[in-house]
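Okay, here's what each chain looks like letter by letter:
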Amino acid sequence: MIRPFGPTEFWFIVSAVQWTILLSAVAFAGGAVGGLLIALGRVSQNPILRNLCMGFIRLFQGTPLLMQLFLVFFGLNISGVGINPWLAAGLALTLHASAFLGEIWRGCIEAVPRGQAEASWALGLSYYDRMKSVILPQAAKIAVAPTVGFLVQLIKGTSLASIIGFVELTRAGQIINNATFEPFKVFGLVAVIYFILCWPLSIYARRMENRFAATTRR
Amino acid sequence: MGYQFKFAPVFANFDQLLAGALVTVELSFGAMILGTIVAIACAIGKTAGPKPLRFIIDCYIELIRNTPFLVQIFFIFFALPTLGIRLSPNVAALTALTVNVGAYATEIVRAGIESINRGQVEAGTALGLGRAQIFRYIIMKPALRTIYPALTSQFIYLMLSSSVVSVISATDLAAAGNNIQSQTFAAFEVYLVITAMYLVLALAFSGLFSMIQRWAFNYPMAR
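Protein chains in written order, with the numbering used here: chain A, 1 to 218; chain B, 1 to 223.
It should be emphasised that the hints constitute simulated quantities derived from the structure, not laboratory data.
Please note that the accuracy of each hint is not assured.
Rough simulated footprint, nothing fancy, chain A against chain B, three-plus residues with beta-carbon under 8 Å [unchecked claim]:
1) 55-68
2) 186-199
Counterexamples of contact, computed for chain A against chain B with all Cβ distances above 10 Å [said to hold, decoys possible]:
3) 25
4) 49
5) 52
6) 82
7) 95
8) 128
9) 135
10) 137
11) 146
12) 209
13) 213
Bear in mind that the values here come from a model prediction, so they are computed numbers and not experimental data.
No residue lacks a Cβ here, since even glycine has one placed at the ideal position from N, Cα and C.
Using the sequences and the hints, build the whole thing.
Quick look at the structure:
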């Protein structure tokens, strides 16, 4: 039975964007917490912690996101949790985002001039005060552009969750395409929706990067 | 939990995995070479071309960079046949990877071209070099050295994202894993081994790229 591509099909795809946005938000929030821990671990005094965090980053940057999704998905299954695409996609993308944000933010922390850390040592600030009031606020300014850039990559990455059966934008497109055989309209629409999500973020990231480059050039 | 890991059936089919890994390497190198050609052409168009051409190249770059690779490959594999362009899975995979990496690499190559001081080009003109010579020796050669690290990490990322082509039944490493998984039901073990193989490939690519860097850019810096 081939259905025509009508308003119902159109809205089915458009409304699936909420799951893409929700999954991106979950992964980004989880990745922000994990990424901060990884970044702090990477710049810590403890060599064991530093190497552990570096290993974590290397592992996630050296393997495909699709394999990370599969491993978490099937790993949860054999560990007794069962088949759960939501949990698997959320967890895998969170770990993925933690590694990438950890590496991005490490660079931002290290870009803060060393004198700032030394001055806070001299003032007798504790580790917590030094990070919270001196280093991280300055690193955060540098981090805006690359972080938004990574968010775009993460939103695009959520499309892979469709392969483990998570119904988001791409999976909704596949379902409608299988019913209507209108791949041009279906995947064209899906691409346009992703573009509408990602393009403003890309422009914002580029603008922040240019503004930052302009202020540091002086 | 009393789960027994079953690695034996995975290693019994290791020849399939190696064949898949070979296709992954072939697809990656194919897309790297074709993508670099696309990127150099588009970067020239963007820095020296007429306005309408620059606009078209901008559209191509933004469209590719702001949509998922998975959707791009679905579009090429499922939508192009309705226009009469029918590609086999591996050719569709190579096309999608080339189109994708071409867009990212264009921005990298353009940044490299723009990093060349105008005075260098003027010096070339003063020495009586032709346009092609100026482009090759004065612009591209030092530009390639500047962008080499960015370009090669983009290539490693390309090799990793090529695992996605398994969804259109290309015959790459991830697809070999899907086959073995459906025969042996040892899904976790299969993907663990494959993930390790991707990691080895990524390390091998990165080692190869730094060897090429030492061999090709072994001349002193101009400044």
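Right, here's what the structure says about each hint:
1. 55-68: holds (count 6)
2. 186-199: It holds, with 8 qualifying residues against the three required.
3. 25: holds, 17 Å
4. 49: holds, 22 Å
5. 52: Since the minimum Cβ distance to chain B is about 17 Å, residue 52 of chain A lies beyond 10 Å and the statement holds.
6. 82: Fine: 12 Å to the nearest Cβ keeps residue 82 of chain A off the interface.
7. 95: holds, 13 Å
8. 128: About 35 Å separates residue 128 of chain A from the closest Cβ of chain B, which puts it past 10 Å; holds.
9. 135: Residue 135 of chain A clear of chain B: closest Cβ-Cβ about 27 Å, beyond 10 Å.
10. 137: holds, 29 Å
11. 146: Holds: least Cβ distance 14 Å, greater than 10 Å.
12. 209: Holds: least Cβ distance 12 Å, greater than 10 Å.
13. 213: holds, 12 Å
Checked against the numbered hints given earlier, the structure satisfies every one of them.
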